[in-house]
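Participant: Since the structure of chain A is already known, use the hints to place chain B on it.
Going line by line, the protein sequences match chains A and B.
Each residue of the first sequence is one higher than the one before, counting from 1 in full-length UniProt numbering.
Each residue of the second sequence is one higher than the one before, counting from 1 in full-length UniProt numbering.
It should be emphasised that the hints constitute simulated quantities derived from the structure, not laboratory data.
Please note that the accuracy of each hint is not assured.
Note: identical chains are not told apart, hence a pair may lie in one copy or across any two.
[Said to hold, decoys possible] Taking lysine-lysine and the DSS-like style, the derived pairs with C-alpha atoms no more than 25 Å apart in a straight line are: (1) K161 with K26; (2) K161 with K124; (3) K78 with K124; (4) K78 with K26; (5) K161 with K128; (6) K35 with K78; (7) K78 with K39; (8) K39 with K124; (9) K22 with K39; (10) K128 with K78; (11) K161 with K78; (12) K128 with K26.
Protein chains: 2
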Amino acid sequence: MTISLYDASVPVYTQMLGALDKVLGKAEAWAEARKIDGKVLAQARLFPDMLPLVSQVRIACDAARAGTARLAGIDFPKYEDNEQTLAELRQRIAGTLAFIEQVPRESIAGQEQRDITIPLRERKLEMKGQAFLLHWSLPNFFFHVTTAYDILRHNGLEVGKADFLGHA
Amino acid sequence: MTISLYDASVPVYTQMLGALDKVLGKAEAWAEARKIDGKVLAQARLFPDMLPLVSQVRIACDAARAGTARLAGIDFPKYEDNEQTLAELRQRIAGTLAFIEQVPRESIAGQEQRDITIPLRERKLEMKGQAFLLHWSLPNFFFHVTTAYDILRHNGLEVGKADFLGHA
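Next comes chain A alone, as it looks inside the complex (with noise of 0.2 Å):
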C-alpha cells in the first residue's frame, strides 16, 4: 500500500478549511455578542511586522487553492484580495473549497514527479510534486491556517483543538 498524492492533498486542505470556515462563523457570532467590529478583528495581528486575520485566511485559501492547481497542473483565477469582513473571509474559504473539490482526483494522482515551480519575490523554486506537497504546500497552508485560529486566540474567542481540526 502507497498513499495518493491526491489523498495527501485536496481531503487534507479541505478537512482544515472547513474547520477554520466554522471558527469564522463562530468569531462572527461572539463579534456580534461583544459588539466588536468585525473588520476590526480581520485586521487584528499578534506583532506589528506580522500580517493580520484577513491576510493568514486569504493566503491559507491560496495556499490549498494553488497547492491543488499546481498538483493537477491547470490554471488558477487570481483572487482581488479585497475581503474586508470574516462574511467575506468566509466566502473566500467557499470559492476555495469549490475549486478544489471539482479538480478530479485522477488529475493529481500519480503525480508525484511533475515539475513544479514557485515563482517567489526574488527567485524561483523547483521541485517535484510530492516535494512540494509535503515540504512546501502543506506546511504553508498549516501555517497560515494556524496563525489565523491563534490570533481569534488570542483576542479571546473560546474555542478549543477540536475546533482547530474541524472534530468540534
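Facilitator: Below, chain B alone, put in the same frame as chain A:
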C-alpha cells in the same frame, strides 16, 4: 506513482523540528542579548488558557514521536516533561529527532491500513494509519510547531517564514 507513508511522515516531522530547533537557537541568542530570562520566554502564552511555549514544543515533539511510533507499531518512551529552558527544549527536539530517525523506513512504509488507537481524555479514537497521519497527526504537529513560532514572534523575535520552513 504514489507516496510512501514513510515519506509523508518522518521527513516532514524532521524538516519542521529541525527548523524549530534553529528558531529556538535564535531565541536563545536573542534572549541573552536582550537580558531576557529564557525561562520567562519559555512560559509565554498567546492567551491565559492557551499552553505556554514550553508545552507547545513538548507536544510538537510528542506528536512526531508518537506519530512515528504508532505508524511503525512500536512503543515509545514517555518523556518527563521537565524542560524549563530553551536549551532543554532543544535537547528534547534532538532526542525526538534521534528517535524518529532510527525507525526503519520498512516498518512504516506500507502500513496505511494499520489500526491505530489514540487514547484521549474521555474516549479512544480508532483510525487507519493513513487517516491517522493525514488528518490527525500532521494537523496536530503543525498546530504546535506553528504556535511555538507564533509565541516567539508575538514576543518580538525577528524570524520569518523561511525560518519556519527550515529554508533560512
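Participant: Does each hint hold? Answer for all of them.
Facilitator: Hints, one by one, checked against the model:
In this homomeric assembly, K161 and K26 come within 25 Å of each other (Cα to Cα) only inside a single copy, at 14 Å, whereas the closest approach across copies is 28 Å. For a Cα distance limit of 25 Å, the shortest separation of K161 from K124 across copies, 16 Å, qualifies, whereas the shortest one inside one copy, 36 Å, does not. Taking identical chains as interchangeable, the C-alpha atoms of K78 and K124 lie at most 25 Å apart only when both belong to the same chain, with a minimum of 19 Å there against 43 Å between chains. Neither within a single protomer nor between protomers do K78 and K26 lie at most 25 Å apart by alpha-carbon distance, with minima of 28 Å and 36 Å respectively.
In this assembly of identical chains, K161 and K128 lie within 25 Å of each other by CA distance solely across copies; the values are 21 Å between and 33 Å within a copy. In this assembly of identical chains, K35 and K78 lie within 25 Å of each other by CA distance neither inside one copy nor across copies; the values are 33 Å within and 46 Å between. Taking identical chains as interchangeable, the C-alpha atoms of K78 and K39 lie at most 25 Å apart only when both belong to the same chain, with a minimum of 23 Å there against 45 Å between chains. Proximity of K39 to K124 under the C-alpha cut-off of 25 Å is found in neither arrangement, the shortest distances being 35 Å within a copy and 40 Å between copies.
Taking identical chains as interchangeable, the C-alpha atoms of K22 and K39 lie at most 25 Å apart only when both belong to the same chain, with a minimum of 18 Å there against 36 Å between chains. For the identical chains of this complex, K128 and K78 are intra-copy neighbours only, at 23 Å inside a copy versus 37 Å across copies, given an alpha-carbon limit of 25 Å. Proximity of K161 to K78 under the C-alpha cut-off of 25 Å is restricted to the inter-copy arrangement: shortest distance 22 Å between copies versus 31 Å within a copy. In this assembly of identical chains, K128 and K26 lie within 25 Å of each other by CA distance neither inside one copy nor across copies; the values are 38 Å within and 31 Å between.
Hint compliance for this structure: hints 4, 6, 8 and 12 are broken, all remaining hints hold.
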